[in-house]
Amino acid sequence: MKFFLTSMFGKETSRGDRRFGLDRIVFLLSLFILIVTVLMPMLMIVVRTFFKGTQPDWALFTRVVLAPENLSAIYNTVKIGFLVTLFGTVLGLFYAWLIGRSDIPMKGLMKALFTIPYMFPPFFGAMAWSLLLAPRSGYMNKWFMQLTGSTAPLLDINSIGGIVFVETCYYFPFVFLQVVSALERMDPTLEESARIAGAGQWYVIRKITLPLVLPAIAAGAMLILISSISHFGVPAILGFSNNIFTLPTKIYQLINRSAGSFDGIREGAALSILLVGVVVAALYIQRLVLKTGHYDIIKGKSMRPMLIKLRGAKIPLLGISLLSLFVIVVVPLFMIFIVGFLKAYGLPLTLQNLTLRNYEYILGQSKMVRDSIVNSLFLSVASGVITMFLGVMIAYVVIKVKPRGKGFLEMLSLLPYSIPGLVLAIGVILVWSGAFGINLYNTIWIILIAYIARYVSFAMKSASASLEQVHYSLEEAARSCGATHLESLRDITIPLIRPGMIAGFFLIFLPAMRELTTSVLLYGPFTRTLGVAIYAINSEGNTVQASALATVAIGIIIAGHFALRYVTRDRKGI
Amino acid sequence: MSRITLKNVTKEFVTRGGHRVTAVDNFNLEIQEGECFSFLGPSGCGKTTTLRMIAGFEDLTEGEIWLGDKPVSVKSKNLYVPPEERGLGMVFQAFAVWPHLNVFENVAFPLRVKKTPRDELRERVMTALGHTDLQGAEKAYPSDLSGGQQQRIALARAIVTNPRVMLLDEPLSNLDPKLRESMRFEIKALQKKFNFTIIFVTHDQSEAMALSDRMLVMDLGKIIQTGTPREMYQNPANKFVYGFLGLSNFLRVRVRDGRVFPAEGTIQPIPFELPQGVSDGEGLLASRPNEIGLSRTEGTGYPGRIEKRLYMTFCIEYHVNIAGQVIRVHTPHGNVLPEGCGCFVQFRNPRWYAGESEQVELERIERQVI
Amino acid sequence: MAIVSMRDITVQYGKNTVIGGLSLEVERGENLAIVGPSSCGKTTLMRALCGFIKIARGEILLNDTVVSSPSRRIMVAPEKRNIGVVFQDYAVWPHFTVFENIVYPMRKRKVPKEEAKERALAAMAQVKMQDFADRLPSQLSGGQQQRVALARALVSSSELIVLDEPITNLDAKLREEMAYEIRNLQKTIGVTVIYITHDQETAMTISDRMVIMDKKGVIRQLGTPEEIWNHPKDRDVYAFLGVSNFLPLLNENGSLHLVSSSGKRKLDSLGADIPEDFGSRLLLASRPTDIRVSPLSDAAAGVEGVVERVTYLGHQFDYFVNVGGHTVRVQEDSLEAFGRGVPAEGSPCAVEFLQPAVYEADPRDPRFDL
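Residue numbers (numbering that gives the first Met the number 0), protein chains in the order written: chain A, 0 to 573; chain B, 0 to 369; chain C, 0 to 369.
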């Protein structure tokens with residue numbers, strides 16, 4: 000053991016620091032936590048799938064994968080993923096260009112509004128559109144059928160098309176934000192030199208700008224693809240009634256049906272491996288696309304890029320943008336809000352049908368709901384705080400201490416980023432349900448562990464960004480002024496990364512508050528989360544109460560975002 | 000005809016804070032065909048803005064720009080020819096070489112836009128690469144190459160279409176000093192070979208002097224002086240130009256009865272023939288450190304004391320105190336005078352200037368930040 | 000007594016030996032410049048001295064106390080070495096005001112509040128930053144941040160401060176000012192200053208003694224600027240200081256021949272003595288300012304050559320002269336040049352070396368293979 004440790008730290012880093020004791024502890028602690036929360040669940044999934052007890056068992060895997068209903072789920076997952084990525088990318092690219100490179104007015108407003116879908120869980124959108132376009136009860140369909148007298152609905156949201164539509168609305172900002180940022184950071188002289196060389200506006204876009212933002216597009220598209228493939232909420236709400244399954248919802252069904260039996264979980268595990276396989280394949284494709292890594296486009300002097308003059312097209316495009324904003328953002332939020340005040344779902348939207356009864360029930364009378372709000376608050380705050388500290392520790396080790404083996408540590412911390420939440424949940428179940436002597440199943444702690452694993456990548460990335468800004472000369476300057484290593488951390492490093500840490504906390508708190516995919520497999524009778532509560536109430540058919548609770552959740556999320564903005568406002572000098 | 004004419008060109012814009020700034024003020028200039036012409040001035044003086052107006056990246060608030068016989072920007076007629084139709088070559092400060100294309104494709108780009116046939120394209124690209132010493136690097140990507148090589152890619156790309164006019168926007172400031180010098184010579188050699196007109200924007204006075212046939216100095220958006228490097232150096236129009244073109248001393252002096260005295264000492268007048276029309280009052284006596292003689296012999300010049308002696312690579316620098324003001328003198332290595340001793344100073348080539356208000360310097364500093 | 004004593008120290012990064020067997024003593028109160036090309040190891044030396052990295056062999060003593068010694072297993076932590084440091088990027092803490100930055104070392108050394116405040120204010124006044132006490136670094140320019148770093152270092156140690164390339168990032172004018180200020184400050188306070196830079200020009204002007212290090216981390220010469228400039232120990236030191244010309248000579252049977260592209264050319268006299276133990280391959284070293292170029296005539300003294308390039312830089316002319324296939328750089332004051340007549344490009348000329356030095360050549364020197 001001593002040999003192992005000295006070989007890790009005996010080598011002089013290029014800075015040759017000698018703070019062995021503290022650094023060693025931090026490194027080992029980080030390694031231990033990551034192994035327990037991330038690595039072991041993954042290993043257990045593989046082990047349990049392919050081994051029954053201690054004997055290899057391939058039969059289960061092949062049986063599960065080849066079952067026709069599962070094959071159909073795989074097919075749906077890929078098909079939906081592909082379509083959502085396609086439409087989301089096109090939509091995101093179109094708006095990124097409009098805002099980043101044209102002279103369309105109201106850019107600030109539109110940019111802010113286009114990031115709203117980013118804030119809400121897609122399954123809220125599924126709920127909202129269901130309110131409008133459920134085949135028989137949806138308001139828009141009913142209005143259409145009344146108007147035209149037909150018996151067929153205008154659109155049936157409970158279809159693959161419906162799932163694709165809702166997911167596209169909520170995932171396109173991934174591409175939008177990446178591309179807008181790339182366009183803003185790009186050195187304008189790259190395009191100007193093409194103009195001088197004789198190329199007109201459109202030629203420049205095709206041959207210069209587009210290829211240079213390709214990495215941003217690819218990154219955004221990959222994010223959309225992985226999110227869609229791993230997503231549970233939308234296919235759950237829109238697909239179950241018509242027996243449309245994707246891998247995540249199929250896994251959920253398998254485990255639910257089996258009511259916690261070991262075989263059921265093993266089948267779920269087998270399907271999880273498949274799901275991870277699809278994600279890995281997608282990541283591999285991305286690497287192929289981005290193979291030629293020659294993309295340094297960050298600019299130096301601040302110059303404004305040449306904007307495309309829209310001229311005649313300006314008003315129509317403005318109209319289209321505002322209309323889509325209306326459809327994507329305003330309509331769903333409005334529906335959820337209004338329906339929360341309805342006496343019963345299906346009643347016409349008139350004032351006399353409005354009531355506060357639903358809110359009274361969920362906030363006043365339902366212990367389950369109150370508990371779920373408390374649970375989610377606890378889980379979000381706890382996981383936010385714990386993962387941020389974990390993230391700082393890991394980032395510190397990787398960036399400042401740089402021992403041998405930091406690559407492994409870094410990889411472990413970034414792994415959960417690409418693992419679907421459901422898969423993580425299954426892994427956590429397999430580890431913490433008594434397999435190693437500790438049984439946390441059905442407690443809130445198992446959800447907390449899953450959350451920590453899920454969000455450690457965010458924390459690590461956020462902490463890295465902050466820490467990298469603290470150049471080592473700032474710490475050394477403190478040392479030369481008489482500060483010990485610990486004092487320099489306390490006086491210099493920590494205050495400088497604190498704002499980033501707080502922002503990072505919110506970056507975890509907010510998704511955790513509204514999260515569904517992971518907790519839907521882990522909740523017990525008393526440990527529902529807010530997302531699970533909304534989903535469950537909606538699945539039972541209490542649409543109006545579900546909407547009311549969703550509105551409460553939206554309120555909390557919006558408050559959280561304002562807090563984040565407040566915390567990350569441009570403060571003095573940092 | 001590759002003559003370039005700017006008539007009454009003015010550019011105003013509004014800053015983020017809401018102030019109106021006149022970046023370029025009534026700029027009039029005619030550059031002859033085949034000239035290498037520099038725009039020299041401090042950061043914020045408007046030289047780059049003027050160049051960008053010639054290129055077509057900025058429109059004009061007032062005035063006209065003609066390339067040869069063709070008007071390309073005329074404010075009064077709302078005429079504006081886009082950059083891609085002006086037939087210019089341009090090299091940018093940060094090279095602006097496309098990272099996703101290899102060297103060959105970078106240089107071939109202007110020809111591909113024109114749909115040049117394949118064989119001709121290949122020949123012209125290889126020729127351009129030959130002229131800029133990049134043969135063999137066709138398949139490399141810019142990120143694999145050094146700054147100097149990237150600069151050459153930008154040059155090759157600019158000359159491949161045989162433009163009659165080349166615009167260079169501080170092209171050498173991102174290179175290290177040794178490279179800067181050799182690239183200067185390469186650019187000059189290219190100009191001799193192809194005989195195009197060059198407009199060169201820089202803040203480095205030695206660069207402008209070394210390269211130009213003619214040059215101008217800009218300050219606060221206006222042209223202060225135009226001429227050959229020699230004319231400008233030997234006859235600077237005002238204190239700013241004098242100071243900008245080389246190391247200088249400005250001795251504050253007072254004129255009384257046609258004689259010049261240091262501002263705070265009245266003992267001895269400085270032997271200097273004032274230009275016509277200078278009346279009593281305050282002003283500046285400008286001198287170059289290497290145009291001042293120092294000796295210890297009584298009576299050979301104006302008395303002073305050596306406060307400091309510093310060894311520099313090409314000379315010895317003395318800080319000499321004359322009647323309370325300190326001037327710098329450069330003498331060749333060898334004749335060493337000790338610190339603290341009295342000495343006598345001969346101004347070999349002094350010039351008279353009126354002083355400059357503080358306001359002006361403040362404004363210059365403000366413009367640097369905009 | 001030496002304030003710093005480095006004895007035969009070796010520093011390694013992984014398997015690379017960055018510094019091998021270096022010894023150096025720094026005298027109390029002196030301003031010592033450590034000069035060398037980038038990545039020669041001078042920054043590594045400083046970091047070893049300050050305690051940020053370990054040395055592999057040797058010993059470092061401060062005030063006769065051992066602070067680094069692998070053999071004795073001694074490694075005194077940086078905070079206990081009492082050395083003030085100004086880093087290359089200033090390392091001024093962005094979340095502290097100017098005052099808080101400067102008072103920090105005293106906080107750490109538990110100086111009573113009132114005294115600390117007074118001393119901080121005094122330090123600020125010394126670097127002329129007293130009006131900026133409540134500002135944050137983001138509101139300061141590069142030069143101002145550097146002054147804060149300097150004040151902080153002075154407060155941190157009254158005995159020894161180390162500056163790591165502190166003025167490289169500033170523009171020329173600021174660089175000069177800061178160099179003078181640092182020197183003045185040092186003389187007033189009496190603190191020992193170690194100044195690390197690749198800018199040999201600045202080092203020459205402000206240091207009492209200079210250490211010249213080469214690429215491999217070896218000390219080539221140590222002495223006052225005057226000594227080093229007038230008597231560079233070997234051709235590498237000569238070449239390192241400013242611009243130099245080297246011509247290959249063959250010393251055969253007591254007569255000297257220039258190795259030229261047209262064969263060997265006998266040289267009449269050299270104006271420099273050749274030590275007896277020198278071999279046959281020699282280099283004639285000369286400075287651009289110590290060479291006179293005159294029109295070629297029978298009466299003209301010097302070696303025959305052709306003026307290839309004439310560049311006017313305002314205060315001086317640069318000539319590139321081809322002497323027997325080798326390029327010699329010459330500089331002449333423009334006033335003198337106009338007086339004597341500026342040579343034309345392409346004209347034959349006579350080149351006189353006024354103060355040459357002679358060194359032994361490297362046996363593999365390609366200049367001999369013409």
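Hints in this document: simulated from the structure, not taken from any laboratory.
Please note that the accuracy of each hint is not assured.
As the list claims (entries may be wrong) - Derived contacts from chain C toward chain B, CB cut-off under 7 angstroms, selection only:
#1 Glu200
#2 Met203
#3 Thr204
#4 Leu221
#5 Pro224
#6 Trp228
#7 Gly241
#8 Thr288
#9 Val309
#10 Thr310
#11 Gly313
#12 His314
#13 Phe316
#14 Asp332
Unchecked claim - Here are some chain A residues the structure puts well away from chain C; computed CB gaps all over 12 angstroms:
#15 Phe31
#16 Lys51
#17 Met144
#18 Val469
#19 Ala477
#20 Ile491
The beta carbon of each residue, even a glycine, is placed where N, CA and C say it ideally should be.
Hints and how they fare:
1. Glu200: It holds, given that the least Cβ distance between glutamate 200 (chain C) and chain B is near 5 angstroms, below 7 angstroms.
2. Met203: Holds: closest Cβ of chain B sits about 5 angstroms from methionine 203 (chain C), inside 7 angstroms.
3. Thr204: Threonine 204 (chain C) check passes; min Cβ-Cβ to chain B is 4 angstroms, inside 7 angstroms.
4. Leu221: Violated. Min distance 16 angstroms.
5. Pro224: holds, 5 angstroms
6. Trp228: holds, 6 angstroms
7. Gly241: holds, 3 angstroms
8. Thr288: The hint holds - threonine 288 (chain C) has a Cβ within 7 angstroms of chain B, the shortest such distance being about 5 angstroms.
9. Val309: violated, 10 angstroms
10. Thr310: Cβ of threonine 310 (chain C) sits 5 angstroms from chain B, so the hint holds.
11. Gly313: holds, 4 angstroms
12. His314: This interface hint holds because 5 angstroms falls under the 7 angstroms limit.
13. Phe316: violated, 10 angstroms
14. Asp332: Nearest chain B Cβ about 5 angstroms off; hint holds.
15. Phe31: Fine: 28 angstroms to the nearest Cβ keeps phenylalanine 31 (chain A) off the interface.
16. Lys51: holds, 49 angstroms
17. Met144: Holds: least Cβ distance 63 angstroms, greater than 12 angstroms.
18. Val469: violated, 10 angstroms
19. Ala477: violated, 7 angstroms
20. Ile491: violated, 6 angstroms
Violated hints for the displayed structure, listed by number in ascending order: 4, 9, 13, 18, 19, 20.
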